[in-house]
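*Asks:* First to last, the sequence lines map onto chains F and U. Going by the UniProt record's numbering, the first sequence opens with residue 1, and the numbers climb by one from there. Going by the UniProt record's numbering, the second sequence opens with residue 1, and the numbers climb by one from there.
If you are wondering where the hints come from, they were derived from the structure by calculation, not from laboratory data. Don't be surprised by glycine CBs; every beta carbon is placed ideally from N, CA and C. Some hints here could point you the wrong way.
Stated by the list, open to error - So the derived label-pair ranges between C-beta atoms look like this: (1) U:A75 with F:N473: 47 to 57 Å; (2) U:T92 with F:D410: 51 to 61 Å; (3) U:A170 with F:E33: 51 to 61 Å; (4) U:P78 with F:D261: 29 to 39 Å; (5) U:A75 with F:E520: 37 to 47 Å; (6) F:D103 with U:A170: 27 to 37 Å; (7) F:A290 with U:N156: 20 to 30 Å; (8) U:A170 with F:L27: 34 to 44 Å; (9) F:D261 with U:A108: 18 to 28 Å.
To be verified - Computed, partial: chain F to chain U, Cβ under 7 Å: (10) E18; (11) T154; (12) E284.
Said to hold, decoys possible - Straight-line Cα separation of at most 25 Å, DMTMM-like style, residue types lysine to aspartate or glutamate; simulated pairs: (13) F:K37 with U:D95; (14) F:K247 with U:D71; (15) U:K160 with F:D13; (16) U:K160 with F:E540; (17) U:K160 with F:D370; (18) U:K160 with F:E268; (19) F:K165 with U:D71.
What follows is the residue order along each chain.
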Amino acid sequence: MYKYDQYDQQIVDARVEEFRDQVKRRLAGQITEDQFKPLRLMNGLYLQLHAYMLRVAIPYGTLDSRQMRMLATIARKYDRGYGHFTTRQNIQYNWIKLSDAPDILADLATVEMHAIQTSGNCIRNISSDQYAGAAADEVADPRIWAELLRQWSTFHPEFSYLPRKFKIAVIGAEEDRAAMRLHDIGIQLVKRDGVLGGRIYVGGGMGRTPMIAPEIKDFVTADDLLSYVEACLRVYNRYGRRDNIYKARIKILIHEIGADDYRRQVEEEFAHVKSLGLDPPKAEFERITAMFAPPSFVAADTPATPFVSSEVETPASATGVSTALEANGDFQAWRAQNTAAHKQPGYAIVTISLKPTGGIPGDATAEQIDLMADLAERYSFDELRVTHAQNIVLPHVRKADLYAVWQALDAAGLAPANLDLISDIIACPGLDYCSLANARSIPVAQKIATRFADQNRQRDLGELKLKISGCINACGHHHAGHIGILGVDKKGTENYQLLLGGSGAEDTSLAKITGPGFDEDGIVDAVETVTNVYLAKRAEGERFLDTYRRVGMEPFKEALYG
Amino acid sequence: MDKCNTPLPLAGGAGGGPVADAPANPADSPSPNPSRKREGDRTEGDEPAVTLDAFLDSQTNATAVRLEAGDDARALLPYLDRIALVEVSFPTFRDGRGYSAARVLREAGYTGELRAQGDVLVDQMPLMKRCGFDSFAPQAEIDPATLEAALTRYENVYQKAADGRVPVWALRHG
Ligand code: SF4
Chain F
1 MYKYDQYDQQ IVDARVEEFR DQVKRRLAGQ ITEDQFKPLR LMNGLYLQLH AYMLRVAIPY
61 GTLDSRQMRM LATIARKYDR GYGHFTTRQN IQYNWIKLSD APDILADLAT VEMHAIQTSG
121 NCIRNISSDQ YAGAAADEVA DPRIWAELLR QWSTFHPEFS YLPRKFKIAV IGAEEDRAAM
181 RLHDIGIQLV KRDGVLGGRI YVGGGMGRTP MIAPEIKDFV TADDLLSYVE ACLRVYNRYG
241 RRDNIYKARI KILIHEIGAD DYRRQVEEEF AHVKSLGLDP PKAEFERITA MFAPPSFVAA
301 DTPATPFVSS EVETPASATG VSTALEANGD FQAWRAQNTA AHKQPGYAIV TISLKPTGGI
361 PGDATAEQID LMADLAERYS FDELRVTHAQ NIVLPHVRKA DLYAVWQALD AAGLAPANLD
421 LISDIIACPG LDYCSLANAR SIPVAQKIAT RFADQNRQRD LGELKLKISG CINACGHHHA
481 GHIGILGVDK KGTENYQLLL GGSGAEDTSL AKITGPGFDE DGIVDAVETV TNVYLAKRAE
541 GERFLDTYRR VGMEPFKEAL YG
Chain U
1 MDKCNTPLPL AGGAGGGPVA DAPANPADSP SPNPSRKREG DRTEGDEPAV TLDAFLDSQT
61 NATAVRLEAG DDARALLPYL DRIALVEVSF PTFRDGRGYS AARVLREAGY TGELRAQGDV
121 LVDQMPLMKR CGFDSFAPQA EIDPATLEAA LTRYENVYQK AADGRVPVWA LRHG
């Protein structure tokens, strides 16, 4: 994991003092709310319906147990004892006092954390694959590139007042777990003739005009990375529209001038920018790379200490335990659903679902956060990840330890075996918190999860990504849902549109609206209706998305409105 | 009083170009409409800035040019050696096009005065300085102590920009 040196620490400490001063000036009336707004936003502080919300950055979703515990501490000390993990791999606190915000940032700085650029019209926290460094299908660890970009984008003098927010994602595998092409810039690491480089996509995004980013450059090496993105941003900053915030994102610019013209201008700018010496030397890349070195895995046949699982060759005396584990259906179901292949034999990637039936997607109590920190420290080389699907990952768990991990999680209500199933819902805060919302998201998520609470039914439905946004801003990624739900305002009442066929994975697609919307109970029924169509129509091995793509919208429409 | 209309210069500004001999105390330079007031009270060599269109159309011997937020600074590149002042307008602090305009001019070797004018707030000035601005004509009064604190707050920077500061990566690898 990346560790701060004196320079990183000084910058974050200075930020705390700067914000303390800004808050002081605001509270003293020396600056207006209008002038203060972009300053607080660049520190992740939003004014919501009931209180301030603070969004803390978790760069590329990676953190250690010490940092995780600090998140719990902040929840207890300054909020109501819980936090909300977001689709941007960050955490939000919904009940913050403005006067406390500088102290919270000071606490965060003690564990190398901050809230820098988690909102505002600037380059946001860089996101990445939650399985980075662990995935079996990875070309290289994308976090090394993400860290280069983090430093480059922090207080970037030219790009802190962009036309709109700007999101960058980096992935290192063929499978896209980060919705890379739905970012303003998406970078996929690839190897060409043994050389590592990035394929650059620009101009994706969700929001009111969702777009899938076109490829702008097929190969950029790490040596040129910062110059190249600098050129991408400069062309955007020069032309990006300021007259209409709905047309200010880079996706609109690229849509208007076309990918070819944009590419040509970027290339021209890059030729110039490259001569300025903006790229750090190889030694910096190597310094960062060393911090992301794989942990010291133990060989697969080393006996486990705390518990013995059926995976490990067990001594005769332990056979009884092993059989008992086999018999534990809940554990087996969780293991089958919530673990993924690790590149190191004998290890697995564990996803802790923050989606218990009837719960609020992404919420965790301070106690749960502490427990996850403990488990990471004991079983996962002190590492955790936040996923854009609002879950937590323990990236490096020995298979021999899975049972122990599951037991601890289960006791804390953290073992729903529903990763990527219909109840693993992404939902934005919606009208319960957000001042921009048209409709509530959370109660809809809760009702759907309750309707499909039967585990066997969920498993039978298989992979089904359901995503809910409370308004057109699409924080709940409804465009990328196999099933998407969008809250709209219909003559003063909350109404929900149903969308089908989206994907944020490597087969990126945008979901389409089925037709007229539904009320709160109606949308739950509508979801059930479309899943029934799937069950009736599916061919062997097809996921919901595959069936939809094969049979098209008609049968679903027919069942919904026919 | 005669100093009150003069834009605020920045000590140690980038570009090494001439810096207007304005007062050191920024509180002396509030001016609701500096570009107009400045006409009657120009520092030596200063003259009313012409618009980019006027400069390109007919007044290419002017030495002071004003760029509006939507103007493309690259149009000035052929003439940089005879321009002494470029004034970049910030109609609202949210409009950040001027930051790129400044970088473009400095990167092309412009060494004259580069002035940020308009809705220029103290919290934006450190970034503007990094982009190459070396004088400021803010619409609203700026508290000198706050400005001083803002400009000296960050001992380190992550990026190489137009102000010659050494980025952290260069310090790390000497
Ligand atoms: S999608 Fe809309 S309602 Fe939901 S969090 Fe975003 S802005 Fe708020």
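*Asks:* Indicate, hint by hint, whether the structure satisfies it.
*Replies:* Hint check results:
1. U:A75 with F:N473: 47 to 57 Å: violated, 37 Å
2. U:T92 with F:D410: 51 to 61 Å: Check passed, 54 Å falls within 51 to 61 Å.
3. U:A170 with F:E33: 51 to 61 Å: Given range 51 to 61 Å: violated, Cβ gap about 39 Å.
4. U:P78 with F:D261: 29 to 39 Å: With a Cβ separation near 23 Å, P78 (chain U) and D261 (chain F) fall outside 29 to 39 Å, so the hint is violated.
5. U:A75 with F:E520: 37 to 47 Å: Check failed, 56 Å falls outside 37 to 47 Å.
6. F:D103 with U:A170: 27 to 37 Å: This hint holds: roughly 34 Å between Cβ atoms.
7. F:A290 with U:N156: 20 to 30 Å: Once the Cβ atoms are compared, 21 Å apart, the range 20 to 30 Å for N156 (chain U) and A290 (chain F) holds.
8. U:A170 with F:L27: 34 to 44 Å: holds, 38 Å
9. F:D261 with U:A108: 18 to 28 Å: holds, 23 Å
10. E18: Hint on E18 (chain F): holds, closest Cβ of chain U at ~6 Å, below 7 Å.
11. T154: holds, 5 Å
12. E284: holds, 5 Å
13. F:K37 with U:D95: holds, 14 Å
14. F:K247 with U:D71: Satisfied, since the Cα-Cα distance of roughly 19 Å is no more than 25 Å.
15. U:K160 with F:D13: holds, 21 Å
16. U:K160 with F:E540: violated, 56 Å
17. U:K160 with F:D370: Measuring from Cα to Cα gives roughly 40 Å; hence the hint is violated.
18. U:K160 with F:E268: Status holds; Cα separation ~20 Å.
19. F:K165 with U:D71: holds, 22 Å
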